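Protein chains: 4
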Amino acid sequence: MLRMGVIGYGYWGPNIVRNFNTANGSAVTCICDMSAQTLKNKVSKNFPNIKTTTSADELIADTGVDAVAIVTPVFTHFEIAKKVLEAGKSIFVEKPFTYTVAEAEKLVNLAEKKNLKIMVDHTFLYTGAVKKIRQLIDDGTLGNLYYFDSMRVNLGLFQHDVNVVWDLAPHDISIMDYVIGEKPQAVVATGSGHFGRNLEDIAYLTFYYPKNIIAHINVNWLSPVKVRTTLIGGEKKMLVWNDLEPDEKIKVYDKGVQVKTKEGQYNLLVNYRSGDMWAPKVEQTEALKIMAEKFVDYVENGGSVINDGIAGLNNVKMLEAANKSLANKGKMTAI
Amino acid sequence: MLRMGVIGYGYWGPNIVRNFNTANGSAVTCICDMSAQTLKNKVSKNFPNIKTTTSADELIADTGVDAVAIVTPVFTHFEIAKKVLEAGKSIFVEKPFTYTVAEAEKLVNLAEKKNLKIMVDHTFLYTGAVKKIRQLIDDGTLGNLYYFDSMRVNLGLFQHDVNVVWDLAPHDISIMDYVIGEKPQAVVATGSGHFGRNLEDIAYLTFYYPKNIIAHINVNWLSPVKVRTTLIGGEKKMLVWNDLEPDEKIKVYDKGVQVKTKEGQYNLLVNYRSGDMWAPKVEQTEALKIMAEKFVDYVENGGSVINDGIAGLNNVKMLEAANKSLANKGKMTAI
Amino acid sequence: MLRMGVIGYGYWGPNIVRNFNTANGSAVTCICDMSAQTLKNKVSKNFPNIKTTTSADELIADTGVDAVAIVTPVFTHFEIAKKVLEAGKSIFVEKPFTYTVAEAEKLVNLAEKKNLKIMVDHTFLYTGAVKKIRQLIDDGTLGNLYYFDSMRVNLGLFQHDVNVVWDLAPHDISIMDYVIGEKPQAVVATGSGHFGRNLEDIAYLTFYYPKNIIAHINVNWLSPVKVRTTLIGGEKKMLVWNDLEPDEKIKVYDKGVQVKTKEGQYNLLVNYRSGDMWAPKVEQTEALKIMAEKFVDYVENGGSVINDGIAGLNNVKMLEAANKSLANKGKMTAI
Amino acid sequence: MLRMGVIGYGYWGPNIVRNFNTANGSAVTCICDMSAQTLKNKVSKNFPNIKTTTSADELIADTGVDAVAIVTPVFTHFEIAKKVLEAGKSIFVEKPFTYTVAEAEKLVNLAEKKNLKIMVDHTFLYTGAVKKIRQLIDDGTLGNLYYFDSMRVNLGLFQHDVNVVWDLAPHDISIMDYVIGEKPQAVVATGSGHFGRNLEDIAYLTFYYPKNIIAHINVNWLSPVKVRTTLIGGEKKMLVWNDLEPDEKIKVYDKGVQVKTKEGQYNLLVNYRSGDMWAPKVEQTEALKIMAEKFVDYVENGGSVINDGIAGLNNVKMLEAANKSLANKGKMTAI
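Protein chains in written order, with our numbering: chain A, 16 to 350; chain B, 16 to 350; chain C, 16 to 350; chain D, 16 to 350.
Hint data in this document are derived by calculation from the structure and do not stem from the laboratory.
Nothing false has been slipped in among the hints.
For identical chains, the list gives no copy identity; a pair is met inside one copy or between any two copies.
Derived BS3-like pairs (lysine-lysine); straight-line CA-CA distance at most 25 angstroms:
#1 251 / 241
#2 241 / 275
#3 226 / 251
#4 121 / 332
#5 304 / 147
Quick caveat: nothing in here was measured; it's all calculated off a predicted structure.
Chain A on its own, in the form it takes in the complex:
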């Protein structure tokens, strides 16, 4: 039984607690939050057996805590994570992993040195939809990839300390990183903020990959409608993932195009292929629970996970580069 301490009980914390508490092999034994009020009203009432504290240090030092989930604002991740690792405990960290590449690298090195584990909460990687997409790419169903185009827009929730890129894009970047299986070389990002603060509420990111693969991410806190749609085009097949569909989340289209150009010829020879559409059944288990159990296994038995510290570091590298490009009005920025 892995005894988890959880630091931060705001918007996402309750989900982390619920899942580590019901996962096989783990239980939450201590919860820390800055607000004594929150601890009293929301934690103690529902979980009388879980210890509470307003001191992260106390939780970290607690001998009844084997590993720690960090569910605090991104600015605080590094300091807390460092202390936990130095205390000899593995960490589960909310996305984005850290606010700078330098911080992420230090944590990865520290964990390695102390033989501890890091897992970053890239939840989507454990959904049935992303697993299925990865499989369709891995087994060659889509063929060579042309593009990845993701739209994640809705009204709010505005964050006080980070822009929309730090808030929403870690999801798309982690998915893109996982399913494409290549590393992007550079990013161009544009965007705009509208409320007199220097934080973008709308942003557009283009990642350049080798072999002409292009990835685009559209994130927006000011949309009247919620959209969670990703198009992925391959040489053999193309797919649309609509995460808001309750049942048919992924549709695979037997569509394609073959272009031949003959020198000196005025007209292109283009063949279009348009066949059946197919919506494979997608596993519906709650991703967060599967991930919690994977964390337990990772900490206790080692091996590897797809969302380890390195994955978190790569994610932050792309976020940092995207924000640098954004600040420079679309200047291409190497990753």
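Once you have looked at the hints, place chains B, C and D on chain A.
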């Protein structure tokens, strides 16, 4: 009765002929196409009374032709348009107006000098949907604009001589230009081509406007599904235009956000407003026919039109800047 | 070349004329309509080479007419059809075939005696969607059928002489009849009219088939939205046909249920199966044109067609029984 | 504080417990289920403070229980409810209220005699959507009603003891009853069962109302897709309620038709009106919680509720009549 000559009878030519032929006040009297076969099989059979020729010069010189519609590939627009204007006849030109800003400027100047009219086929400006959007912005319903975000993707049709920006983006740019009513200052464009030719089949354009308005255009010839959706966010209301909806093309959302930041305060004060949705009835008349009749009126009675040579020139300015940025991997390019 | 005469140039007539005129093997040579105005403004202007007349007798007697399409109100079908057959010419008749079973039987007998052909305009049978559904049933993909449930509702068009059953249900009945491949034994129909006339604008039809197959048809002229959706449930698979979808009209679901009841057992043993969804590509050719060419072939070469006089007669039998049940507030009526 | 006992902890019981436990003014103090296993694993683990028992009699007699929620199979409702009322406690009963009209009448009389309260779990009446529909009818927005047409289909869940009418139609009937505000006079029901038991898994109900209002309910356990859609047509406006839409559940259409018939005139004079569509904001609070608090208020302070014993009795009257008609293959049955 304005007697129209039409040069080019390929993909779009038949629509132009049909509409100028049934519009009040005009009739097509002569059609030119490079292919004698096309003229025989497609024109003469259906329109026995319309003259045909494979020579553009002959059509231009025809005394039975008062004005000329140019529906040929963009590379040929300038040469043909110049000859027509020099022959003292007004022109209706397929979008995009020309392939370079320099060409567009010469045509605008020439028409002005000779007191002739230019209309560019920005068809969407005459649809009920675009008219309604413009009205909702003009009358203050949306309030100050935050963004314009348009997606125009589908499978094909690949063009032999131009990239997807020249093919699809003129639509979005003409609409954006018309409804925003401001001039963008710069553009950042990214994209990719996938068939061994130097022509992008996917592109993403971000236009920077004054007052923090941002516009984004996503055009793609490699999508398995057709999407024609535009989001427009304003301070007071936000709208979604889905041009593929048969009935409720425009949905206006009484949604918004108000952000207050107090110095020294950790938490943002954000108010979200979420009220009714409203789909105003949108006029369904065929835009091309309305535009044809507007052209007749413009040539015969003067006045002004929203898609004159200047509008065409502005469109080409934005296209040229976007393509320059695209060639420079997203370098911000002034317009 | 089969020379067609067309009687009736109202709402549907122009489609019949266009398709028989462009079909391989036929041409329209004469059109009859009660309104000289219509003939002048709508026929002569567009088809200067087609004869016109306000006299059906004249058209029927015309030696330049080989076969006749009857596109008039249903009340007039019998009289006109009888005259045409007596004149020794085959007929293509708009649906519903006739207004009574007795009339339909007389026409079928007359045609047989004179060795002439009857085709009834059950257009949907020639669409790619219905062909595909029939194939999925024929080849055992769906397994034994459980039900057929069709909804065909929209605003208007009100007919002056018939209720919504005569207007809309012939479509559903012809499709149901063709794809189920069994004969229903009885019908229960309910409905209501709302404008002070004795004609229902809303109706619900339930057909009882052998082997517990049940078919239901919901037709309504007073719906604010257009719906054209049919559910078909089988033992092995189930399908949804949404005719308003531009691309994925048919979706086949690998879903099912297996119910076991053990005597003395409180709980049912029910297994639910839920697998992939699959949208087979559906042929997009215009059904009316295919049907016109089939009519030519049928008249010239014989053989059999799925929408012959017998099919038309069966359709009228079901309509007549449904209307009888409707008049008796749902009394079960044998067919 | 109203201390609730809950009898039955199967599919729906946990929702009842959760809501009465968190509602203002009530708390669950005792839970009864036939299965000691269920009580141990599902109740005691999560609610250590709630008493459990396998004896309904024990719960009913418990002095720590003020009122009782009955969440058992419909066949058992009457016996349990009778005992509770006789013990002097008010009841909250799962829908359908009872399995026969006679049972319902006895309970209503008994409660009246003992001055106790009955509330039946017609949850939908407390949703924002149904409240809004009722309001739009009450305030005259829709005008005189023409029809109510509801479709409630999905795969499963098969019940072991009742057909699909008893399982799904109580929802539609309670909604129809509440929003139409008239009493239907008769019902015609058709349907079919497919698994060798005498229980229909598909059924179609037509209710005849005074003033030509017609209501239709389509319930089906064998549909591959889930549909929860109701059309309501009125003289002035028409609406579509799609309960599966997360945001725009209700769409009100400014559409209508006006029919004039002049004697001796061949053509109808029909005017169609087609204007804006409007989706009013619908309250999103959980209906079950609102209802639980209403029950507390009803028991403690009296007054009236829309889902009292009389409403439950009316619901059962319509269910019983529908099932009688169903057994008689659509025979019109008075209510």
